[in-house]
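Q: Chain residues, written in single-letter form:
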Amino acid sequence: MDPDTAIGGRSAQFPSTHLSLLEATEAGLSSDAMNQIVALYWKPVYRFIRLKFRKSNEDAKDLTQGFFASALQRDFFPRFDPAKASFRTYLRMAVERYAANQHAADNREKRGGSVEFETVDDHDLPTESPEVVFEREWRRQLFSHALDDLRSHCRETGKQVHFGIFEDYDLADRDRLPYSDLAVKYGIPETSVTNYLAWARRTLKAFITERLRGTTSGAKELHQELRRLWK
Amino acid sequence: MEVSDTVIDHLRRVVALPDLSGTRYQLECEIGRGGLGVVYVARDRDLDRRVALKILEGPVEGEAQLIARLEHPAIVPVYETGILADARPFYAMKLVTGARLDHYVESDHTIRECLRIIRRVGEAVAYAHSKGVIHRDLKPQNVMVGEFGEVYVMDWGVETVAGTPGFRAPESTLDQQSDIYSLGALLQFLVPPSSSAAIAAIAAKASYPDPHQRYVSVSAFLEDIDRFEKGLAVEAWSEPIWHRLQRFASHNAVLLWLLAAYTVVKFFLFFWHRF
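Line order of the protein sequences matches chains A and B. Each number in our numbering comes from the position in the first sequence (counting from 1) with 269 added on. Each number in our numbering comes from the position in the second sequence (counting from 1) with 7 added on.
Calculated from the structure, these hints are not laboratory results. If a hint is listed, it holds; no wrong ones were tucked in.
Derived contacts from chain A toward chain B, CB cut-off under 10 Å, selection only:
#	residue
1	HIS414
2	ARG420
3	ASP439
4	GLU459
5	TRP468
6	LYS474
Small disclaimer: the values here were computed from a predicted structure and weren't measured. Using N, Cα and C, we set each Cβ at its ideal position, and we do this for glycine too.
Bound conformation, chain B alone:
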């Protein structure tokens, strides 16, 4: 049977695709590839909706169950898990449309917007920690910003994940402190140190090589960001006096203006009565 190169290219592509017979999904296209598996867009025929289908290359114990246990607005919900005809495990998740964080930051964003994103990521991680789950591989490629600004943390870690250089903590055994390190690296990635000394200090404290020097929890990290946003002194930075005055001035601008106006009026009245 003679076939054209176009058909051969198509066959090479589709024959290598996972066999979804016996499932309710129909493959559309590949959207991502990692060490543990490949993510496709698929159509759920029963519910007539598109989903993200992650197919794991080998048996990865409990990855889907791990994620399914985490119900949080910033964690992509798992719809279903199963095993394909070729024995590979898969799970179907909500399909998030938007931009990966590393692409999202290519356009200009304010510090406020960057902090909103880091806060959402931090909240998801803090929640996961409260459930005894650690991410292990927080990096811009694992954060999605949806079209309505919603933030999702993806690819929740399993034991075999070793993290990504630049975002991975130096300690050999990854734990909650390692996630804090990655959050610091993520903050540094989002807000360059030159933009704000206080933010740079928060990022540096979170990603200290010694885990004991980092924030004790993700909540402590988020509280420091909170303090920065409210114009208060941050825990991570002992600011110079001029900076403290500057911050005090900008934080109490209205009061200072009223005080100045009062002084001017008093001064004027003093000379008015005198002459």
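Pulled out of the complex, with its shape left as it was, chain A reads as follows:
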């Protein structure tokens, strides 16, 4: 399988919003709010399309781009009804419909002989379902963007030591330094390590909540998403 795209993986500085998705939609979805949704969902949608429809990197990118363009043009957001499903489920099902239609159209054209259609090898595919991969990718994007928010916030408020400790301890893939070693490394008391880490975790949680608020229909869905995220 050819490597995944890097598009959509890193966020630009998407301004955070206090508006829920419905409030933002009612106010006429601003580009900031839309950016936030695309930032969070671009990669999950792309991965979902790649796996579900076995598309090549370029085809999946085109379909993802096409989906978001079509979503903006076709009143996709105002038609979202939170009573029926969460926004994430609504979006995934819409992606599935959109990509299935495009896939069918491509196949019709392919049978006509005009398009070279590229599929991926079965043995390269992950064993998890596209739906599971979509969820995991969404979670990964949510944390990635919230971590970017946290890093920027620390830089702007002179809390680089806070972020340094957080990065050394919580973002380490393995071999976490004990608190006492971190205290020595940063020249602060051990209690400050606990406090700095607690602050960073608390602030990260706030940024995650903020990111989620912009992509959920309101307080109820936000609460459900948060419970699912932390359980």
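With chain A held as given, fit chain B onto it using these hints.
A: For chain B alone, kept in the frame of chain A given last:
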């Protein structure tokens, strides 16, 4: 910022953990979860020791003060109470290492050992009752047996606790009699009724649906267990005559053997002199 799934899993876990900044504790791991809160193992940095830290989900009036008032060898001592940065109340307790009673009984134990445990639990409950405190939720999951055999009664009840089916008394308002009911259920759990009719009767009397038919106090319940252990008749059971004789025989075995030996000797001497 790209992060691996391992880091995300770690973040999901630690971000959900309570914020202990401003306290002298450092979290180690979660050890229990109940309706009222979560219990963690934490390290007390000042005293360099591990403690059990209970963090309550909401304001539960006076739970820690309630327990702190009870100073008894079978009640886990509270070291400190406080409020976390996120406004949740917490209290630090002695960390008891050992097995929860429901796990402890999975290995074989004698009736004597089971009665020792129920006696320790009963003594703690009787003491609490003397201080005007009732447990409200006595069950195997709330009793710990330490590595040296010490017994601790945990999770002393607060008003919001409703008890656990199987161990909760049927009455709607829980009081000291309800704790006696739970002690009976606990005894039944520890010593199956088939093991001893007298113990089964004690358990049944303690856990009678009608509170007036139960023992009048925990002390009365413990005294009946005492009588059983001393080989005496228990209050809860009017035993059949054969059982009374059997109990008399086993209780006075030495005397009966001496009597038998005396009779045999007398019998022998009688015939010896005759012939």
